[in-house]
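One-letter residues, chain by chain:
There are 2 protein chains.
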Amino acid sequence: MSDDTLKDLEKRWRKSALPLAILAVLGKAPSHGYGLAVALRDVLGAATPEGTLYPLLNGLERDGLAVAEWTIPESGPARKTYSLTKEGRAVLSKASAQWSQMSVNLGKLLS
Amino acid sequence: MSDDTLKDLEKRWRKSALPLAILAVLGKAPSHGYGLAVALRDVLGAATPEGTLYPLLNGLERDGLAVAEWTIPESGPARKTYSLTKEGRAVLSKASAQWSQMSVNLGKLLS
DNA sequence: TTACATACCTCGAAAACCGATGTATGTGTC
DNA sequence: GACACATACATCGGTTTTCGAGGTATGTAA
Numbered sequence: 001m002s003d004d005t006l007k008d009l010e011k012r013w014r015k016s017a018l019p020l021a022i023l024a025v026l027g028k029a030p031s032h033g034y035g036l037a038v039a040l041r042d043v044l045g046a047a048t049p050e051g052t053l054y055p056l057l058n059g060l061e062r063d064g065l066a067v068a069e070w071t072i073p074e075s076g077p078a079r080k081t082y083s084l085t086k087e088g089r090a091v092l093s094k095a096s097a098q099w100s101q102m103s104v105n106l107g108k109l110l111s
Numbered sequence: 001m002s003d004d005t006l007k008d009l010e011k012r013w014r015k016s017a018l019p020l021a022i023l024a025v026l027g028k029a030p031s032h033g034y035g036l037a038v039a040l041r042d043v044l045g046a047a048t049p050e051g052t053l054y055p056l057l058n059g060l061e062r063d064g065l066a067v068a069e070w071t072i073p074e075s076g077p078a079r080k081t082y083s084l085t086k087e088g089r090a091v092l093s094k095a096s097a098q099w100s101q102m103s104v105n106l107g108k109l110l111s
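Protein sequence lines correspond, in order, to chains A and B. Note that my numbering has the first sequence beginning at 1, numbered continuously upward. Note that my numbering has the second sequence beginning at 1, numbered continuously upward.
Mixed in with the good hints there might be a few duds.
Identical chains blur together in the list; that is why a pair holds if it fits in one copy or across any two.
Stated by the list, open to error - Listed next, the in silico PhoX-like pairs over lysine-lysine satisfying Cα-Cα at most 20 Å (straight line): (1) 15 / 80; (2) 11 / 94; (3) 80 / 11; (4) 108 / 15; (5) 108 / 28.
Simulated from the structure, these hints should not be mistaken for laboratory data. Quantities reported herein were computed from a predicted structural model and do not represent experimental measurements.
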């Protein structure tokens, strides 16, 4: 309703860095939702709400950037493990380049 | 409607980097909306829609991070010039530190 | 058996985005 | 004078995105 409060600036880039961060984590090694949430908390410095993460993961699959596979560990609940597809890797590499470009620009401005 | 396509990853961080970028530009020197739009295009690599920028600027003022002042140039339309307040500077400096932290983390992951 | 960590998912209210549209001035050109 | 275009600000409102709350289920430890 009200347009953007501008409080908690940090929260904002966390949001949009999210998809890139997910791709980056999956680029290192396949992972499942919960594990991703833990990894993401370290990278972004804040927890990713599940209501945000899981729909995003479904989108990843729907768009063909990742494939999911159910794995049953000897103990514990079943896990849905995501791996990047070739297309996912292509998107990651492109996005990565663009991100670092912007990152450099913004860094210059901030120094 | 459809949740997040995940296409155009670039667009997403641009969105959330926006407020930080605005603060950063204003931290260098006071500016007005249109000038900001031009500067932002260089930093972020894409134009910021006016429908996004102006409401954001109003929010900046409303939240006390910046003060606006109308200036009448000898020629051309009136300009609304924004300068950071002390609080705006405090937010910028804090956000800047957190951003670079995250930036390093993500950079490590991407390399 | 209570509690907590792991692990997944959906609903829907609220928030944010931004294209379209509108106002107004100054400059260039035919 | 008429027309196009750049500068400059602003709002409306449909579409998109966010994420807290709630739900299901397993394993472990007190």
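(request) Pop the pair residue 108 and residue 15 into one bin, within, between, both or neither, using alpha-carbon distances up to 20 Å. (result) Close across copies (19 Å), not inside one copy (22 Å); limit 20 Å.
(request) Indicate which option fits the pair residue 80, residue 11 if close means a Cα-Cα distance not exceeding 20 Å: within, between, both or neither. (result) neither (27 Å within a copy, 28 Å between copies)
(request) First find the shortest C-alpha distance between residue 15 and residue 80 inside one copy, then the shortest across copies, and answer within, between, both or neither for a cut-off of 20 Å. (result) neither (23 Å within a copy, 30 Å between copies)
(request) Could you figure out if residue 108 and residue 28 sit no more than 20 Å apart (CA to CA) within one copy, between two copies, both or neither? (result) The answer is between: 11 Å across copies meets 20 Å, while 28 Å in one copy does not.
(request) State whether the alpha carbon distance between residue 11 and residue 94 is at most 20 Å within one copy, between copies, both, or neither. (result) between (24 Å within a copy, 13 Å between copies)
Figure legend: structure checked against the earlier numbered hints; hints not met, in rising order: 1 and 3.
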